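Visitor: Residue numbers (our numbering), protein chains in the order written: chain R, 1 to 307; chain X, 1 to 307; chain U, 1 to 307.
Please note that the accuracy of each hint is not assured.
[Said to hold, decoys possible] Pulled a few chain X residues facing chain R out of the computed Cβ check, cut under 10 Å:
no.	residue
1	Thr54
2	Tyr56
3	Arg188
Hints are computed from structural coordinates only; laboratory data are not their basis.
Predicted model only: the values in this text are computed from it and were never measured.
Backbone N, C-alpha and C fix where the C-beta goes; we use that ideal spot for every residue, glycine too.
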Amino acid sequence: MKIPFPWLTRGLFVLLLPLLLSSCASTRSTDGLAPGQNHGFTASQASAKEWWNTPYPKVFDASSLKPQSFIAVKGNSFVTEDGKSFIFRGVSIADPGKLSMEKRWNKGLFEEVHRWGANTIRLPIHPLSWRKHGSEWFFARIDEAARWANALDMYLIIDWHSMGNLETEMYQHVMYETTQRETADFWRRIAHRYRDVPTVAVYEIFNEPTHDYIGTGAYSLGKSTWESWRNMLETYIDLIYVYNKKAIPLVAGHNWAYDLTQVGHAPVRRQGVAYAIHPYPQKARPADPSRESFFAMWEKDLGFCCG
Amino acid sequence: MKIPFPWLTRGLFVLLLPLLLSSCASTRSTDGLAPGQNHGFTASQASAKEWWNTPYPKVFDASSLKPQSFIAVKGNSFVTEDGKSFIFRGVSIADPGKLSMEKRWNKGLFEEVHRWGANTIRLPIHPLSWRKHGSEWFFARIDEAARWANALDMYLIIDWHSMGNLETEMYQHVMYETTQRETADFWRRIAHRYRDVPTVAVYEIFNEPTHDYIGTGAYSLGKSTWESWRNMLETYIDLIYVYNKKAIPLVAGHNWAYDLTQVGHAPVRRQGVAYAIHPYPQKARPADPSRESFFAMWEKDLGFCCG
Amino acid sequence: MKIPFPWLTRGLFVLLLPLLLSSCASTRSTDGLAPGQNHGFTASQASAKEWWNTPYPKVFDASSLKPQSFIAVKGNSFVTEDGKSFIFRGVSIADPGKLSMEKRWNKGLFEEVHRWGANTIRLPIHPLSWRKHGSEWFFARIDEAARWANALDMYLIIDWHSMGNLETEMYQHVMYETTQRETADFWRRIAHRYRDVPTVAVYEIFNEPTHDYIGTGAYSLGKSTWESWRNMLETYIDLIYVYNKKAIPLVAGHNWAYDLTQVGHAPVRRQGVAYAIHPYPQKARPADPSRESFFAMWEKDLGFCCG
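Kindly generate the complete structure, drawing on both the sequences and the hints.
Guide: Written out as structure tokens, the structure reads:
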């Protein structure tokens, strides 16, 4: 056997690694992955101990679903592939991990929501739940949700269900604790696996940003501004778009997804983005609870976003 | 039941989450918390598996203590509420976790220190010990310490007992390993729980900053300067003050809390801050060990801090 | 017993900690460590529970090896201590953790590689393997490798065997997952333990940098540029040199250690550094596979590094 022969010039190494012993060579590409370079091992694992043979993540097979239109942002509307305006009428169910523990994760739940007239189901995935169950378990649940929703011609909102300040990594409750790194890893995996799936339409990047710890005061979760938060959101959007340009990133402002006042002059500098607002009753209400007063306040507080 | 109806303008979502299924709605605020928004669950846990019902942290009930003056920084002195100068005469006991394992954590220890004439007890909390025992266990210990000290009219110094470079997160020993994030979380919890408690007077943010790994050389724990360290200290002070404006943040310089040479021209830019110095004998000593020589060296090395 | 007496000026503390109760005083310095300050405990552990007595890391005893020349970078060559040019002819074996599990970690492997004519063995240490086995176990293996290689007058390349983007901490596979912090800790420990050992000649800081997740596209592992990556490499080199100025840091460019195109105008701004190139066959090949064509392409792609 000829031995590997390293060239040397100005301390320049060439390590020609013999496959026989190499720890980073690959014999074939992995199924379900885009063609490309893969330096990992891809043989099946003889045992879980073989960390070097842990399988690579797979892409969801969109061809196994019935045809469904991709939804896109156009101007101030959502539109179907044939240009029709579309409105997401959604219900946010509980965390798939919670529902599974309560034996309530099943197609019947989706059918019930469908009967209510909703065309969308929101899956709030709590970081703590994500870690407890692991990505493999969660992808099995999201796959089920995609098949159930697709069969009902409904859409899914994947919601990274945290509350707090992702910039300082301080949160409102242990179930919301995550990191910038874990959040990027989550969206990278979601965007990679469901990149071809119209049913998984909306990526809600971070449920409710706030720097106020359950009302203890501004910056009680550390500093954050719309500008700094917007920069972070754009980083996640860029990452998502590398994998899936058809995803609809859904972004939110501070005050638990209530404050979008700065979007008017400082919008997110990416195309195809949607904004979320969570107008809990205690946030603001008109002096008299008439429909007219409600709309007047709505226009004042949010109308500028909707021109 | 009427279904939630989302408004849509320029990809703007309004998700009105039905309480029935919502994973992020709350029906009442948590006990012991400042009034304010609370999107977490607060019902008691049916089992530890119910991660979504993990209770929120509570505030220590200061009314259960006997009256004791808050201590504040005024000019170059500490003062009581009625303006009298106050001197902390303290003893640093061992880590509550270590003392508990050795069956030496009891009121008798506090009484003994009190007999020595000390009016202050320092609790050095090692990050490793904090993680081993958890915040719940540690708060139970600090609560005991607060009651024991209060009964003796003594004060506590809470000391985040790490040694190393928090900026690069490299440390002198495994027992000192922490992160910027864990340190912020620690102080946030301390300042939230003991915000009304005069007994818990001093918050020693980071015991001994150093970029020298047990004498292996400057920057052997990575880079750090007084300016960069001061910026980090100010971030923690800002966070603490959101919860507790009566706390006395205690800060230290490099060389294991010995070097304050730059404080003269570059002090911490916050009010009410105290400086710590750990003058171990090997650090510096006069040629002749007379009291006069000691004071002369003291004035030279630290006098500039004391004008 | 006299009680400690704190001086006070402008909120300046002096805590003279009584050794009896102190949680951060030391009675003697640790074996194998450079003389210097050591605030940790050094007594032997009565039990593993004594986290405060965890021993400090030791330095490898180079005097137990047979004499071997240190290798250094000089101009565009490696040279021995007596100035002779030296070429590393190496084989990259598998991860010591993997080989141990397969009962293939033994001196015989080193002897076989030596029979092939190689003078160098590369130890690819996967971050996942490093964490699974722990630093103590790994240092025992690297110690063995150093003795085996030294006995054969061979050299070692310590390779932190990750693939991905260390700047965003996103990687190609779970076995490569690490953090900037863990990477610094790894090199700090390696440089501290083997600082006197000529056999452990080369520190390959990060095996294969890439921002492309197995071919899914540029920045699919987040952003990274040669400039930002170079800054990070220089930080690690600075850290390594504090402990061991005789180490040869080996650095790589993007595209899985293939792209060094910017080194010509933007080299790493440190002395004594070597560059790695991993020219896998699929990367580039001349139209006709002649030796001449190969060298022509080589000169074009890498020659500029070798002037």
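Visitor: Output the indices of the hints that this structure fails to meet, ascending.
Guide: none
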